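Heads up: the sequence lines are chains A and B, in that order.
Note that the first sequence covers residues 1 to 307 in the UniProt record's numbering.
Note that the second sequence covers residues 1 to 420 in the UniProt record's numbering.
Everything labelled a hint here was simulated from the structure, so no lab data went into it.
Incorrect hints may have been included.
Stated by the list, open to error - Here are the in silico distance ranges between beta carbons for each label pair:
1) B:Glu105 with A:Asp120: 45 to 51 Å
2) A:Thr189 with B:Asp415: 56 to 62 Å
3) A:Glu256 with B:Pro152: 56 to 62 Å
4) A:Val193 with B:Ala240: 44 to 50 Å
5) A:Ser279 with B:Pro152: 52 to 58 Å
What the hints assert, rightly or not - If you want the ones that stay clear, here's a sample from chain B, every Cβ over 10 Å from chain A, calculated:
6) Ala150
7) Glu289
8) Val362
In this text, all values refer to a predicted model and were calculated from it rather than measured experimentally.
All C-beta atoms in this analysis are idealised placements derived from N, C-alpha and C, irrespective of residue type, glycine included.
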Amino acid sequence: MIKHLRSAADLDAATATLILDTAGEMAALAGREVKKLPTLRGRTVVNLFYEDSTRTRISFEAAAKRLSADVINFSAKGSSVSKGESLKDTALTLQAMGADAVVIRHPASGAPHRLAAWVDGSVVNAGDGTHEHPTQALLDAYTMRSRLGRLDGLRVAIVGDVLHSRVARSNVLLLTTLGAEITLVGPPTLIPVDIAAALSPKTKVSYDLDSVLPDMDVVMMLRVQTERMQDSYFPSAREYSRRYGLDLARMRKLPEHAIVMHPGPMNRGMEITPEVADSSRSTIVEQVANGVSARMAVLYLLLGGKA
Amino acid sequence: MTSYLLRGVSLLGAAPTDVHIVDGRISDRSSDPEIIDAAGLVALPGLVDLHTHLREPGREDAETVETGSRSAALGGYTAVFAMANTSPVADTAGVVEQVWRLGREAGLVDVQPIGAVTVGLAGKQLAELGAMASSAAGVRIFSDDGHCVADPRLMRRALEYVKAFDGIIAQHAEEPRLTEGAQMHEGEVSTRLGLTGWPAVAEEAIIARDVLLAEHVGSRLHVCHVSTAGSVEVLRQAKARGVRVTAEVTPHHLLLTDELAASYDPVYKVNPPLRTASDVQALRDALVEGVIDIVATDHAPHAVEDKECEWAYARPGMVGLETALPVVLSVLGERWDLIAERMSRTPARIAGLTGHGTDLSVGSPANLTLVDPSARRVVDPAELASRSRNTPYAGTTLPGRIVATFLRGEPTVLDGKAVK
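For reference, chain A alone in the conformation it holds in the complex:
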């Protein structure tokens, strides 16, 4: 088993599949009255969050607690971090406290890579800058596999602000490893340069959502921040949602079996309309539940649990 999960590229197909299978076993646990395994008793998992992200932190916290680990939440706000302590000094502090795993969310791309050089424990990337969010990709892959029965050959459109999206990068890497075919859709200003060469040569790019939808098994809508408007990535929120938002009319262009995903939090009315978000094709709430199972699987396997 790998030691760290810094990027979805750390996972080969066998390892990724093992994590998804393990997540399935963890999900079965959620149906029991006692939702707890003793596996990580006595181990310490630190949630080191330099960005506000209540949903991701809670998901990791629930995952670690269900495995009986001791959980320490270290938030950048109201801690020595706001007094200017460096990441290295924070890492050495956590190291001295005996952290077996550090789950890190950080606004700077690559922060988990730096952290891994300074701690002995496992490092799990819970989102770094505009780089990656590999556990989100795992829970997304798990959700697709549960709903559609397979990943190999699945056609997935990822729509929106790919340039700034860590979710998109991790999903392209992981889903390609598992045999899915990815099409990235968005305005040209929000599709990063050389994306196919950078992530996977099979990745396709389209600027026209309508032409892509009829062939897709999955459409994943990314959160688009309205601040991007000020930076001229697109002219207005209204024009964005007209060209790249998913509404009922567009959803009807999808094949019957196709599902709609969103990593959350959503901008209802911007990239997705409420009718679509709340429809039976939407897996958005399911994704949250699967997040706990996927993160349990990651912590369980990284910290040496047996599958």
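Chain B: place on chain A using the hints.
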């Protein structure tokens, strides 16, 4: 003054000969000289660096004029030009004279201050260029390096104004709006790493504009740290038209590529950023051809805490004085005359610096360095004389060892060690 006899030295790779140094000059004889066994060593005119950051005044924890001078001498340099982005900024006669005096006191290389183009490097108002030019420091090169003189009107005025005292503007070519938040070269690797890209066009657009401005007002322009294949093409065309433009390339842009950022280790973060392998090849070709005139180090020392952090929070820059010649040797091979041209004669000529970059013939000032081309060295950051350790070559084996350096006939380096 001691006389020296360099016994069996090879001048720029020629057959071994004896070179005498008397009263600071090359001589054809000497009486009772100190003999230096120079068998197997190649003599080059002392190297001249048009682009060094010595950090004093302001960041003496990263480098001082003295430590930077020692680093330069150990790298084979006899003159370095100190960039203006100190604290306070070298934008007045007072600051440039202070740096100049500190250099003379250290006495290891000639430290020639570069003056800021604009007050506080703010890009708003011309600094007192004339006062710096007529100060004891005799400033001839002006640069806001670290910042681009982005305002085209201000750049035009600066180019025109310095004609009065044969000055030259050295431009840090970076269109600021195209590089907001930029962290590394924009391309495949930046996309993969999720780091904001620094597009090649941000450099090329400024160079294209500036060669047109220089042509329009008939002034000299020097382009700092050229890093892209596209910039080379812009320069080639401008030179073919007769524009008075010169350009430099750093050793790191001749050797390293953006792939190194994949470690997220900010020792590889530099501005302009490391580019692609095809840019590296274009820069090497341009240097050989002469489209790029010189190698300049952009020696940029940084304190440990400014590099031991997240990539986005780290300061850009690499130390380079002690590794420049070995890197160039590894890139160009033992083409000694070409190396002398690109690292000594031409930079001295661009700067109008007399007494440096001259051939080692009888009567010339004895500013020279002796290199052992057969030696190989594994770069160890702990061994650097610079106060900072941010070299991208840690653990790399590089050819060539600087054995001795002479400044006006006195050794600053002997047996590979600084004499003071």
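Here's how the hints hold up against the structure:
no., hint, verdict
1, B:Glu105 with A:Asp120: 45 to 51 Å, "holds (48 Å)"
2, A:Thr189 with B:Asp415: 56 to 62 Å, "holds (59 Å)"
3, A:Glu256 with B:Pro152: 56 to 62 Å, "holds (59 Å)"
4, A:Val193 with B:Ala240: 44 to 50 Å, "violated (30 Å)"
5, A:Ser279 with B:Pro152: 52 to 58 Å, "holds (54 Å)"
6, Ala150, "holds (19 Å)"
7, Glu289, "holds (29 Å)"
8, Val362, "holds (56 Å)"
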